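Go by the hints and put chain B with the ligands onto chain A.
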Amino acid sequence: MPKYTGRRLGQPFSAIRSLCAIFFGLIPALAWADFAVNLPQPASGLAQDIFDLHSLILWICLAILIVVFVPMLIALIRHRKSVGHQAAKFHDNLGVEIAWTIVPVLILIGMAWPATRLVASMKDTSKSDLTIKVTGHQWKWEYEYLGEDIRFMSNSSTPKVQIDGEQSKGEHYLLEVDRPLVVPAGQKVRLVLTASDVIHAWWVPAFGVKQDAIPGFIRDAWFKVDQVGTYRGQCAELCGVGHGFMPVVVDVVSPEQFATWKQEQKTLVAAAAANVGKTYEMAELKALGEKVYAANCVACHQPTGMGVPGAFPALNGSAIVSGEKAGHIDIVLNGKAATAMAAFGKQLSDLDLAAVITYERNSWNNTTGDLVQPADIAARRR
Amino acid sequence: MNTSTVSNAAAVHDHAHDHAPTGVMRWLTSTNHKDIGTLYLWFSLFMFFFAGALAMLIRAELFQPGLQLFQPTVFNQLTTMHGLIMIFGAIMPSLVGFANWQVPLMIGAPDMAFPRLNNWSFWLLPAAGVLLISTFFVPGGAIAGGWTMYPPLFMQGGIAYDMSILAVHILGVSSIMGAINIIVTILNMRAPGMTLMKMPMFVWTWLITAFLLVAVMPVLACAITMLLTDRNFGTHFFDASGGGDPVMFQHVFWFFGHPEVYIMILPAFGIVSTIIPTFARKPLFGYVSMVYAVASIAFLSFIVWAHHMFTTGMPLGGQLFFMYTTMLIAIPTGIKVFNWVATLWRGSISFETPMLFSLAFVFLFTIGGFSGLVLALVPVDIQLQDTYYVVAHFHYVLFSGSAMAIMGGVYYWLPKWTGHMYDEKLGKVHFWLTAIAFNITFFPMHFLGLAGMPRRIPDYALQFAEFNMIASLGGFLLGASQLLFLYVVIKCVRGGIAAGNQPWDGADTLEWTQTSPPPYHSFVTPPLVK
Ligand code: HEM
Ligand SMILES: [Cu+2]
Ligand SMILES: [Cu+2]
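As you go down the protein sequences, you meet chains A and B in turn. Residue numbers for the first sequence follow my numbering, beginning at 1 and rising by one. Residue numbers for the second sequence follow my numbering, beginning at 383 and rising by one.
Next comes chain A alone, as it looks inside the complex (with noise of 0.2 Å):
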């Protein structure tokens, strides 16, 4: 991984060094440990061919560059009319042309051939140790281990009042998220991604993976890391107004680690189970829908509630948020077809549901004093 040291911009010094960055030029500055200039450190063996195939081509490109610009730059210099050179009037030379139609056919074999048996190796997803299935929200990734029962969502962490400047950023400001995937070091994983909304891109460049998830289609891809640790990476295609902020964090854990990663998940799992039929109070709901709607809403309705006019609109004062309570829940449930408005049904908890909504019903100006249940919920589920 990138390491992140030094540079916080936002705390004290940041704009005198970044003065002095620009005040001494680039040659200094890269000295400074931050300044990457190439693919990130690769951690698994397809992520380690694609850097040594770009450092391949790098080079080769380099040569070339050299082998036209300096007769180009000999011109430039020695067949100048200020030095009084006079024109030559050749204007072709067969030999010549057919010479730099050749040469470059034989380079580009040369540079397909390794491209071609590394596509071939990237495509093979066959034989995999674990299949894991990771679909694309607006804007979160959602796991499932396959055959595992365990399915969670993974949201940004970073909080709004670091992307606001009221808060100095954390070292891993936009690559963080509440839950990361986790998967076993040494063992081949395969992927397979979709989305529900509109395309994302499920992308760490440490693993040489990039994946579009296409909402209706699946696709694969797999990667292999044998070191432990923490990987970061991001969403790549644009999806909207959260695509920025839309984080991929994978925990590489050894197998004996991850078995029991597995049995805690379990766990929990039943322990929610257990809660089914339980009632909350306002205040439990209240502060646990602050939090859901953080996470799932806030890019469209705002913090403020106000939403985006013309786009997305207000949910304080809405009609359907102060009617009837099963209208509100209907929409947050299924969504609205051919809009923006997801359905959450598919995506929350019954008891996310019941508390973002008790939020909303009693936010902002709402003050309907209702207490949405998870049990109200699962009854409105079709």
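Simulated from the structure, these hints should not be mistaken for laboratory data. Certain hints may be false.
Unchecked claim - If you want the footprint, here are the derived chain A segments under chain B, 3+ residues with CB under 8 Å: (1) 157 to 168; (2) 323 to 336; (3) 365 to 378.
To be verified - Among the chain B residues that face chain A by a calculated CB cut under 8 Å, a handful are: (4) Gly465; (5) Leu666; (6) Phe684; (7) Gly695; (8) Arg728; (9) Val811; (10) Thr907; (11) Pro908; (12) Pro909.
Just so we're clear, the structure is a prediction, and the values are computed from it rather than from any experiment. Glycine is no exception: its CB is placed at the ideal position from the N, C-alpha and C atoms.
Then chain B with the ligands, alone, in the frame of chain A:
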């Protein structure tokens, strides 16, 4: 068309206004290729500054991590409209402006083949431009899904999306009509003796470009019409839940989109191929191979489109096919670069502003070509697709490629168009500022992309901060430098040292046989080309 029988070119100048209206009506009703060329060029310059201003706002937001100036909704509108307007409003119309001015002059024709169509092609543009820009003020704001307009994201927007589809339709109609006009003019109106293989390189590149336009603009029209019906009339072309396929849109779009990038670069090749021999005082090396290279680039551009879609998960065979065809394009492109260098070799070179722009073009476009080759390799592209590396790549081919060739062309022909020499000293200052600021802005973007910064994001992780700040500062300088360009152009239009018929001693195309500025109706009697 003009029915004047006056044959003395210089005398025509006064007589030609006999029937022509003056003032605003002259421009609104003009059917004269020179007037219309001028209109195209001013229109595109305005759009260049408008879209450039949007770029300044983008770079201002990206100056530091965090959201300072714009919410993501607005930021996405800025990037989308910047790209859309630069492509359809700035680069394409300016190249058509060049064609209008130069094609008749270079082939010894009195005007374009269809002067009224020409008027209509131009006047559609401001209508489309106003429609497009006005979307910033409708509820929900302008389109924000990227200039590529991918569904399903494109389904999620307000009225601006439908308005923009209409605007792009109008732009497309204008382009198709302009292209037909250019094709017919070139094929039918060349001076006696000018065979196809004696045409100036600029005319050749435009002939081929015009065929590309006629072939692909209708494809774009289909793609966006399907978007329109999906949005408004309940069709499901691109909606998987109704049996459609969102990736299908990308295929159709890029079947237009890749030839489109050659539409923007081939006439630029033509401009550079005109300027370099002039200032090297030596004929263009390998004219015939240049023509074949342009033609094969145009042909290949139809079979490489899916290189923009390597991450959509095509089958292995598809990925390999598009990788190989894309790599093939490097060959004719390489030939062009080699020919330019060979033209310079043993010339008698001088460095006027147009030449400086052309030399920078050759070098910087080649860098863009190399990054294109890097992106052609599927495994590497999978790392770099949709990152700032791609942003760097296409600005090297579009800005230091098309836009800088256009600026070079403006300096080259301004003396002919206006009759005045431009301010050489300021022109050179403009060149150096542009070339340096361009590289400060865009070279670091290669590093950002390699390090993993996605494109089209309003905010980024801290490890990208330094290069973004450098790129922003470079960007501001680059933007400001273009004001100097505006100044030099206006100054030249308004006056200056008389240019004479032939200010460049190395130039040998037909326009230089005319006065500067040329008479309102030039080549009323066709010249004889030997
Ligand atoms: C002042 C000079 C310019 C600057 C500073 C600039 C800056 C930028 C930046 C930073 C982006 C990336 C935005 C993002 O992905 O978040 C961008 C996108 C783009 N630029 Fe420029 N640009 C300039 C000139 C041009 C020119 C001359 C063209 C010529 C056609 C152009 C065409 C595009 C296109 C097509 C996009 C892609 C838009 C999209 O993602 O949908 N730009 N520009
Ligand atoms: Cu995204
Ligand atoms: Cu392409």
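Going through the hints against the structure:
| no. | hint | verdict |
| --- | --- | --- |
| 1 | 157 to 168 | holds (count 4) |
| 2 | 323 to 336 | violated (count 0) |
| 3 | 365 to 378 | violated (count 0) |
| 4 | Gly465 | 11 Å, violated |
| 5 | Leu666 | 7 Å, holds |
| 6 | Phe684 | 20 Å, violated |
| 7 | Gly695 | 4 Å, holds |
| 8 | Arg728 | 4 Å, holds |
| 9 | Val811 | 20 Å, violated |
| 10 | Thr907 | 30 Å, violated |
| 11 | Pro908 | 26 Å, violated |
| 12 | Pro909 | 22 Å, violated |
Of the numbered hints stated above, those contradicted by the structure are hints 2, 3, 4, 6, 9, 10, 11 and 12, listed in ascending order.
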